[in-house]
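Q: Sequence:
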Amino acid sequence: MSNQKGCVLHWFRNDLRLADNPALTAAATRAADEALPLLCCFIICPEQWKQHDEAPIKLDFLRRTLWELAKALEERGNYLFLLTANTFSEVPDVLETFVKAIDAQALFFNEEYAVNEHRRDQAVAGRLLPVMRSLHSYRDQSILPVKSIRTQAGEPYKVFTPYKRSWLELTDGSPISLWPKPPQTVTPDKPLVAAANRAATRANTAKAIDEVFAALELTDSTAWAAGEDAAHDELEAFIDSRAEDYDTLRDKPAVNGTSQISRFLANGTLSGRQCYVVATEARRRLKAEGASEHATKGFTTWISELIWRDFYIHLMTDNPRLSMHQPFKADTDQLQWNDDSSGFEAWCEGRTGIPLVDAAMRQLKQTGWMHNRLRMVTAMFFTKNLFLDWRLGERYFMRNLVDGYLPSNNGGWQWSASTGTDAAPYFRVFNPVSQSRSHDPDGEFIRRFVPELADLDNKSIHDPGKAQRKACDYPEAIVDLKTTRALAIERFKNLG
DNA sequence: AGGCAATTGGG
DNA sequence: CCAATTGCC
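So for the first sequence, this note's numbering puts the first residue at 1; every next one is plus one.
Don't read these hints as lab results, they were simulated from the structure.
Bear in mind the structure is a predicted one, so any value in this text is a computation, not a measurement.
You may find that some hints are simply not true.
[Unchecked claim] Derived lysine-lysine pairs resembling DSS-like cross-links, with alpha carbons at most 27 Å apart:
| no. | residue 1 | residue 2 |
| --- | --- | --- |
| 1 | K100 | K5 |
| 2 | K147 | K158 |
| 3 | K164 | K71 |
| 4 | K365 | K50 |
| 5 | K100 | K158 |
| 6 | K329 | K147 |
| 7 | K158 | K5 |
| 8 | K71 | K252 |
| 9 | K207 | K50 |
| 10 | K287 | K297 |
| 11 | K147 | K164 |
| 12 | K252 | K459 |
| 13 | K164 | K287 |
| 14 | K482 | K252 |
| 15 | K71 | K100 |
| 16 | K297 | K252 |
Starting from the given sequences, assemble the full structure and let the hints guide the process.
A: Structural data, given as structure tokens:
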């Protein structure tokens, strides 16, 4: 047994960073105050993650993120230990065993809001409160805390624009500040480390982490830089050189115009607060240098996207059914979605015969990421032209995205499917060919991912003629855009 | 965070 | 013949 009188434990989940981490800073502060060591843990949940459709590439990205995190924690003496619980229902057992093995006095973690995660945490609290001195949870996922924004009637907002207005008023009134760095804590002594080692896997080598992750199906994610340092580099690169043009370039899939940080937000390598603070600070500097409102519009638009993320997190927290495959608008559950597995497969594989849709779907399959504009285009084609159940598309995205994040992915799909609150009105159906002409005018993006069309001219590449398709060995469109659009509108209209 | 077709008004 | 505008889905 350890000579030190116990320790403090931080449980990492979707907050894989040292900076601006409320629970971690609180844990380290408590440990420092009481001269206790601080240990950290992370729990691998193979079966649960399968049920949650976590993508193999996202799990590989997690593996690499944990390695970066573990190295940073090792340097501070806050060693990271890996535990395995097949499903969330096993987590209380697994944690209790570890907590007892290391004699943890207090457990710290940041809240998660989807139904299963919430239930897991309730069960953990019920199990551990009797055997520990204290449990501490912190609000972290969203920039403004969940349940903090309410209408004058005290209700959660259901529409983005008034929500955003209220969000901005709140942040103007009391600016967002970041959590201080976790203070240094005493190094755990040998008996404590030995006890922890017997109960879990210490993540002090890449090999040790890889062995634990051998229980999972992984897809190589090394094209995507991982870890906190990489995340800050990427954020800085965006803020310094691309954010100014975000407003005009973000809708062009052929251009690197978006922030490229969604994968870091998805697993908490970065917090939304950090992004917001960096962006508002950069905008303030520009204005101080005399920049016009127009010149800072890129920053303002990007900040608005961060608020969309908060909106969807808040919406899911206030409406837990959203994390259980339920539409926000209950009546849309009566829609008779098509049963069309060959259409579904053509969409997945990128051979629908609509060039931009196919380019986008191939980008997802090949890289694990898809441009935001194209997520809307492909989801709209899926739900309105193929008239397939949005839940199938939502699941396919989660299973393939390196940056899959339930609130945003669900929010985006329900927006496209017109089943969500403040969603696209059912009659506002994107035409993927028009979208192609306006956002990929020279077909540059299409050429990149649908190489068989590379030699077509800028005009016909968006919708090649019969002979051109034949010559390129490219399929005819699997649906007629005009008639399927009209049918979808008709079906939605009949709901009311 | 649209699309479409009918209409208008200038060449 | 055309771009811009309008009303509806």
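Q: Determine for every hint whether it applies to the structure shown.
A: Checked hints:
1. K100 <-> K5: 13 Å, holds
2. K147 <-> K158: Cα-Cα ~13 Å, so holds.
3. K164 <-> K71: Violated: K164 and K71 sit about 38 Å apart, past 27 Å.
4. K365 <-> K50: Roughly 18 Å between the alpha carbons, so the hint for K365 and K50 holds.
5. K100 <-> K158: 44 Å, violated
6. K329 <-> K147: The given pair, whose Cα atoms are some 21 Å apart, holds under the 27 Å limit.
7. K158 <-> K5: Judged against 27 Å, a Cα distance of about 49 Å means the pair is violated.
8. K71 <-> K252: The given pair, whose Cα atoms are some 37 Å apart, is violated under the 27 Å limit.
9. K207 <-> K50: 23 Å, holds
10. K287 <-> K297: 11 Å, holds
11. K147 <-> K164: 14 Å, holds
12. K252 <-> K459: 17 Å, holds
13. K164 <-> K287: Holds - the C-alpha atoms of K287 and K164 are around 22 Å apart, at most 27 Å.
14. K482 <-> K252: It holds: about 25 Å lies between the C-alpha atoms, which stays within 27 Å.
15. K71 <-> K100: It holds: about 25 Å lies between the C-alpha atoms, which stays within 27 Å.
16. K297 <-> K252: 17 Å, holds
Hints 3, 5, 7 and 8 from the list above are not met by this structure, while the remaining hints are.
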